[in-house]
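**Q** Take a look at the letters that make up each chain.
Number of protein chains: 2
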Amino acid sequence: MSVQGVAKAADNNAHPRLVVSASDVPQMQKAIEQAGSFQQAFTALKSQVDSQLQHAINIPVPNDAGGGFTHEQHKRNYRLMHDAGILFQLTQDKKYADHAIAMLEGYAKMYPDLPLHPKQKEQAPGRLFWQSLNEAVFLVYTIQGYDFVYDYASKAQRETIENGLFRPIAKFLSSDSPQTFDKIHNHGTWATAAVGMTGLVLGEDEWVEQALYGLDKSGTGGFMRQLDELFSPQGYYTEGPYYQRYALMPFVLFAKSVEVNQPERKIFEYRDSILLKAIDTTIQLSYDRLFFPINDAIKDKGIDTVELVYGVTIAYGLTNNAQLLDIAKQQDQVLLTGDGLNVAQAIDAGKAQPYHFASKEFGDGQDGKQGALVVMRANQDDKTAPEKHQAVVFKATAQGMGHGHFDKLNWIFYDNGHEVVSDYGAARFLNVEAKYGGHYLKENKSYAKQTIAHNTLVVAERSHFKGNTKRGNQYSPEVTLFDTDENLSISSAFIDTAYKGVAMRRTQALVSVEGRDLPVVIDVFNVRGDKKRQYDLPLHFNGHLMDTTATLKSNTTSLAPLGSRDGYQHLWLTAEAKPEQPLSKVTWLNDDRFYTMSTKTLDGMKLLFTRTGANDPDFNLREDKAFIYRLDKAKDVDFVSLLEVHGEYNPSKEFTLEAHSQLEGLDYTTEGDVQVVSFKLQGSPAMILAFAPEGKTEQEYQFSYQGQQYKFSGQYALLSQQ
Amino acid sequence: MSVQGVAKAADNNAHPRLVVSASDVPQMQKAIEQAGSFQQAFTALKSQVDSQLQHAINIPVPNDAGGGFTHEQHKRNYRLMHDAGILFQLTQDKKYADHAIAMLEGYAKMYPDLPLHPKQKEQAPGRLFWQSLNEAVFLVYTIQGYDFVYDYASKAQRETIENGLFRPIAKFLSSDSPQTFDKIHNHGTWATAAVGMTGLVLGEDEWVEQALYGLDKSGTGGFMRQLDELFSPQGYYTEGPYYQRYALMPFVLFAKSVEVNQPERKIFEYRDSILLKAIDTTIQLSYDRLFFPINDAIKDKGIDTVELVYGVTIAYGLTNNAQLLDIAKQQDQVLLTGDGLNVAQAIDAGKAQPYHFASKEFGDGQDGKQGALVVMRANQDDKTAPEKHQAVVFKATAQGMGHGHFDKLNWIFYDNGHEVVSDYGAARFLNVEAKYGGHYLKENKSYAKQTIAHNTLVVAERSHFKGNTKRGNQYSPEVTLFDTDENLSISSAFIDTAYKGVAMRRTQALVSVEGRDLPVVIDVFNVRGDKKRQYDLPLHFNGHLMDTTATLKSNTTSLAPLGSRDGYQHLWLTAEAKPEQPLSKVTWLNDDRFYTMSTKTLDGMKLLFTRTGANDPDFNLREDKAFIYRLDKAKDVDFVSLLEVHGEYNPSKEFTLEAHSQLEGLDYTTEGDVQVVSFKLQGSPAMILAFAPEGKTEQEYQFSYQGQQYKFSGQYALLSQQ
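Which chain is which? The protein sequence lines are A and B, in order.
For what it's worth, the numbering used here labels the leading residue of the first sequence as 1295, then goes sequentially.
For what it's worth, the numbering used here labels the leading residue of the second sequence as 1295, then goes sequentially.
Don't read these hints as lab results, they were simulated from the structure.
Below 30 Å or equal to it, Euclidean Cα-Cα: the simulated DSSO-like pairs (lysine-lysine) are:
id: 1; chain 1: A; residue 1: K1739; chain 2: A; residue 2: K1415
id: 2; chain 1: B; residue 1: K1947; chain 2: A; residue 2: K1682
id: 3; chain 1: A; residue 1: K1947; chain 2: B; residue 2: K1739
Selected chain A positions facing chain B (Cβ under 7 Å, derived; list incomplete):
id: 4; residue: G1361
id: 5; residue: D1594
id: 6; residue: L1724
All C-beta atoms, glycine included, are put in the ideal place defined by N, C-alpha and C.
Model the full structure from these sequences, guided by the hints.
**A** Set out below in structure tokens:
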């Protein structure tokens, strides 16, 4: 996406001048008189605010933690100040301005004397809220509300409000909190955006400079440095999509405000349009409207969050990219801004084009080389049900700081609108006081972050980097192969620092097979150790177990935890088996489809079934299911698996199709640098996937398999078996 | 609903003459030339059949059980014979007729020599299929297919087909299987419908008479007797809605066929239009399109099943009731019949009216007095989201024969589109061979049918009627109270035969409370015993446990089954508590809402939490959760509870509202015949629900509560506390 044209600088004296500029207002005033989705959004907001205006203003003394009454009331208040402000701009009805001003005055009266919040969080407490992060969010909304009523307020009112509220809160968030303000972190972005936007409205250019370049204006901190460091060149934010969408909000709001006031900074073009890339990447990191739940992530979050509504709306205003309208339609929320009007009118005019979800490697880290999140998709441009396409999310990213999970080379698989091979996400019930005040639950650390909660190798029942974030932050995997063509997407990554003395390489491919509508996933996990250790390779599946080729020895009359630490203490061991056939198959049903994971049986391999819930006295965890392939004492091992999507279960129409795996053979061998996976599905030709994960694109390879010679150039090939 | 007009008798020589009559055909032929949903349905079927016609005819020798290849192939075949037949009628394209005739000839060639099916079920085996029930279904479809091509077939072809297939199969299903044919049971209905419809096409009046009045034509068996006995006067079928919709199919198809050929029988008016009532009741016994999963029921079944599509379509043809069009729209399947054309055109013309789901007592048994299924609803006519309304299903029915569960006075609660207080339904994966061939699993008997799998009282860890169906069939509860008004629905039922020496009465009410959008459920369970026994009152909930007022002692490091038999062996005991506060509250989250069940704490009461899954070596059961109030040694006990629906959990928009119960007090007392429940919710006035479950409508009652005198007339009153 590229930026089309550059806005003119706003009149230096005109208000509003942030996300909505004075020049937007006349068209918006006109649009609310005409039928359309903009008018509908206006009417909905007006009716909501009108009903809120019935109630007396309530600005309680801060008392409660997140989710508690005073916390929520102050959140309601900042939204109302913002919303009443924009309604005043649109309708010129003074009751909205009067209400917003009265609230601002109320805060101006209380704020100067507020001590730190009584339920303050350990780090960076706020005054209105338990953490200064919420305080910055408060300011971002409230300064917009003030900007809307600035011209209407009397000089005396402005003095009261600025001196009582905006100057002290800006000071509190900047010079009084240098450790947050100058931090290269999303908390820093909120603080700099809040203070910078306040500077723009109050005409405090110094604050804007500090917001952009750090308290000392050297550029070692501040918004521009955050733009440099917080996103990879592909627009990936190292904490993952859940925090990416959260981090996005202050970025786009402040950048839009800067664009309105100081277009000469060309802020949206900065670093090869990094902000537009970040917005687009946030969309890309979703399946069926929900974000990939890697790292600490609440699973219900998706593209309809207000942060991405702002992101998409502002991006459309800059680019007129018609695919963004597809996303905006799914968001189904029209912003009452100038860009919101553009989006609404374009959607009403039927201009939306289907958004294309890509198979893509999203590099992590400032240079994009600290590993990557690899997304491989199939059938995503299907005409009838694109939301049901297949997606592999291969997590070869860096640690992702404090919210990162210990899950190097983890993967998730989606199909049919469901997360079929799953990631636990975060153990948290946001804003639910009964659940540890809505914080991350202790099981987030003891389970959700641990390696065993993911679909990747656990050595000796210990998590990657011994579960130490600091250590994790120092290392990242190397993605040595990623490519996508019409028949397959493939990626390979390597890391030898997650465990001392153990090197891990994983190669995954999403492969279309002749004669089948649905692709298969090939998964090869190479482990090389310097001595014998226990290896566990878990797969967390959503659905109901249908069948296994191995005979299960189930624990029917008593359950015990699988282990004692690193997440194992939370797993009940429900069954064990010793696979004896060459292929060990596990089939489960999710919604109306069957899934079979077939794994080449290795000597001494055990198959364990688990369910989450042990050592969870408060029932904080979901009861999720997994199976684990275990080798007690292993050194060099290659786990080779193939996941099939098959059949249909239709109890309503009373038929079941292809409930059994169609995989007849799966074999694996290596020759020099080349790994060879051969597989045969019933009704399809025998295939070979050959790949040289460390190879070069221009290289030529050859290998023999079952007496036949094969050759290929580049890092991989999908071949018919001869 | 009443029958509008009476069709004229079909021409005695005209074909088709069953569900589609010769007089329907010209309009249908016209309709496929005009744009509309009838044409769309035609085009869809045509394209599907055209693709099937590419394949060679395959009539395999019967070999497989349900879900296996030959089973499914014969099912595909009977559908294709039917579908090709109707396409021939609509298009006059001979290829369809030729294909149907070739298939009929194929079956005619094979059938006479077929022995009983190799995988025959214990009772009533078939020849083409493992059970004769499937054979009757085969005949119902196939005779319609034949009827469509009858005029086109040569005399020789007709002789071959009738002598090779229809005469032997009709004989097999009637005189060779008297125990099924004359049985007053849905298997009997399929058999009589199949044979009767065949009689109508072949001109065998004797078969029609036998189908209607039994093999000996005495009326002790046969279709009319089934109409007399299988439905209650309210149109309730004793096995419950899952089997009701299944049973419906042969009833409506045969009745429609009789109506076409012998309108003078006025079969749809028979027994006060019992068939129309049965169709309507089937719709009523659903929530958000899915049937109430009482007794043996697969939970995915709902109003879009083909049986109910036929039922609704034929009922609309008779009544022109515009509310049926609402259901037809939700079914989204247009039948290629004369009635289907009426429905399609009426929907296309926008004639549909919102279907009204009622609060209603559906009497069970031939006389409607063998207990009842009571349905109580609130907000079901809401304009914006009627599908999210609240519904209490109070199961005070008779046993319901072999598929009945041991769950006297059980209940289910729905809200927000979800089954919140749940019934396990059946333990079965229909047609999934890996799951015991798609049969009912053994856990269906050992768990799903047992009392503890339901939300009703278990005495001494034994199921009602000691889990003996024969005994269960002898008794039923008495519903002594049901009423509904704008503020509440209430019902009370009594049974003293489920356990020897224990009388149980349950009263439930769905009550609107001033100041709240969402109703509460009041639940009073009176138990009177002749000696001390253990009482368990379970509640199976869907969702994630949020909070309890009692301090949980959780089993964090080992789990054991709660008991050893009657379903208890399948429950892991996950936690225990001893409620000490006057009200014991359990709060859980389902989707975006909170639910709190508050129960008056009784002396010695224990609270147990369980999860399904013990003694389930093949992972056949879902992992469902329940809590159980237990009294170790009790005689006369009143369990008094109130269920609140409250708040909103919105992690996407990051707010949580009213996550805590608002119930401040719940009290219970009796005075003579009057039971008094008082309750107070925060922000609402204190209320009293008084009821005399054995009282009379015209009676006057008075009682004193907290020093105040109250009086009311009738069986119940909802009063403000003074």
